[in-house]
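Assemble the complex: chain F is given as a structure, and chain V must be docked to it using the hints.
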Amino acid sequence: SQQGEEDPQALSIQEGENATMNCSYKTSINNLQWYRQNSGRGLVHLILIRSNEREKHSGRLRVTLDTSKKSSSLLITASRAADTASYFCATVIIQGAQKLVFGQGTRLTINP
Amino acid sequence: DAGVIQSPRHEVTEMGQEVTLRCKPISGHNSLFWYRQTMMRGLELLIYFNNNVPIDDSGMPEDRFSAKMPNASFSTLKIQPSEPRDSAVYFCASSNGFRGGAHEQFFGPGTRLTVL
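Same order as they appear, the protein sequences are chains F and V.
Using the numbering used here, read the first sequence as starting at 1 and increasing by one per residue.
Using the numbering used here, read the second sequence as starting at 1 and increasing by one per residue.
In short, the hints are calculated from the structure, not lab data.
Using N, Cα and C, we set each Cβ at its ideal position, and we do this for glycine too.
Example chain V residues on the side facing chain F (calculated, C-beta under 10 Å, incomplete): (1) F33; (2) Y48; (3) F91; (4) H103; (5) F107; (6) P109; (7) G110.
Next comes chain F alone, as it looks inside the complex:
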């Protein structure tokens, strides 16, 4: 079963609005990462948040992590048409081989 699950599966908003995507996971993690994928392209790393961190910022991106609820959120402020893409959370679990497990992603559409 998926370690990470994003919510919603699809999100459509107007340019300039904020977009919030959520990710839930099942087992204890080492860190959680967010990636973006434009249509027909490879994934691009956006931000990494460690299990002992609660919030992290990068430009217009804000990521929060709540390990007690096993959830994370990605907020994109002042969205732009170029933000249209799929966004994936990926977790690195503590036990076993250190590898990323991806969720199914949120398809974000920014309407001009």
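Frame of chain F, contents of chain V only:
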């Protein structure tokens, strides 16, 4: 830096044929990952190497799939014989660090494989 390089970008083949996908990781990176992406199953890790050694191949679907990393700058993923259900986009990614997949990964553009 040129980033992760994959070839070919597109491959169309007939069922039963051998398919070889190639990857050149970013110079200096010590971990390399092969993923498969489909609409039904999402992004799945097939295998990953650390310092050219396979660490976790639990995601390799079956014996028809094999992967090698003969040196730090080259890896192959081979499917023999190929089947229509192998149709997917295959990504290679690399990272640098002592904890395998726990670090930021850099993805290649992918190879879109279609098996007829």
